[in-house]
Amino acid sequence: MLIAITHFKILISKDIVHFNTISSCIDYLLLRTPMSDNELSSFLCQLIQSGFPKEKIIIHTSTKLLESFRLTAIHFRENDPTALTYKKEHPDISVSMSAHSPESVKKAQDNHLDFVLYGHIFESSSKKFLPPRTHQEVRDALSYDIPVIALGGINLTTINQLPTGFSGISAISAFMDASPNQITRLKEKGQILNLM
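Read left to right, the sequence shown gives residues 0 to 195 (numbering that gives the first Met the number 0).
I should point out that these hints are in silico values taken from the structure, not numbers from a laboratory. Predicted model only: the values in this text are computed from it and were never measured. Certain hints may be false.
Within a straight-line C-alpha distance of at most 20 Å, the following computed SDA-like cross-link-like pairs (lysine to any residue) qualify [what the hints assert, rightly or not]:
id: 1; residue 1: LYS8; residue 2: ASP36
id: 2; residue 1: LYS63; residue 2: ASP79
id: 3; residue 1: LYS106; residue 2: THR156
id: 4; residue 1: LYS8; residue 2: SER23
id: 5; residue 1: LYS8; residue 2: CYS44
id: 6; residue 1: LYS63; residue 2: CYS44
id: 7; residue 1: LYS188; residue 2: LEU161
id: 8; residue 1: LYS188; residue 2: THR156
id: 9; residue 1: LYS106; residue 2: TYR143
id: 10; residue 1: LYS63; residue 2: THR32
id: 11; residue 1: LYS55; residue 2: ASN19
Working from the sequences, and respecting the hints, build out all of it.
Take a look at the structure:
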């Protein structure tokens, strides 16, 4: 599974062009922005009208937008209680959560979430002063029976160092600052490593 995460910024029409360019190379696009629901609603209208596949959109936190656009996937911050209650009330919706500890992965599994984004695995520009997860933390996180998607510092070089057991990768720069060709190469490396 390949999950492209947007840069944390106001999304514009130029982003729509890029998202459509990479849509065939990714499984999901996680919209994580500082935009208000009204601003993001307007952007979603444009994105969907442009032909971006609705089933590939993961909305971040806003159940209101998820429901009004009839999307099928939503992502929450680590330990957000809404993730747990929303999945219980809407078992047909794909609900995921960020996880930064094995305990959070277990909590997501116990509450029947669909997957977790776990990290950060490698040094990352978005987490400059935080150390990556330890080898033991990664092993412990991967021991649970829930798909664990690797997050943080993943690129064409670091993907070769990913421990086995992940169900996919998620990233910002590796998708937002890359061409479809580079993403295809990343996907091929992931398939060789049995991540897809």
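Against the structure, the hints come out as follows:
Between LYS8 and ASP36 the CA atoms are separated by roughly 14 Å; this keeps the pair inside 20 Å, and the hint holds. For the given pair, LYS63 sits about 16 Å from ASP79 by alpha-carbon distance, which is consistent with the 20 Å threshold. For the hint linking LYS106 to THR156, the alpha-carbon distance of about 31 Å lies beyond 20 Å, and the restraint is violated. Of the supplied pair hints, the one linking LYS8 and SER23 is violated, its CA atoms being roughly 23 Å apart against a limit of 20 Å.
The straight-line distance between the Cα atoms of LYS8 and CYS44 is roughly 18 Å, inside the 20 Å bound, and the hint therefore holds. Straight-line distance between C-alpha atoms of LYS63 and CYS44 comes to about 14 Å, which keeps the hinted pair within the 20 Å bound. Our distance criterion of 20 Å between C-alpha atoms is met by LYS188 and LEU161, whose separation comes to about 11 Å. Between the alpha carbons of LYS188 and THR156 the distance comes to roughly 10 Å, so the proposed pair stays at or under 20 Å and holds.
This hinted pair checks out: LYS106 and TYR143 have alpha carbons roughly 10 Å apart, not beyond 20 Å. As the CA atoms of LYS63 and THR32 are separated by approximately 15 Å, the hinted pair is consistent with the 20 Å bound. With a C-alpha separation of about 11 Å, the suggested pairing of LYS55 with ASN19 holds against the 20 Å cut-off.
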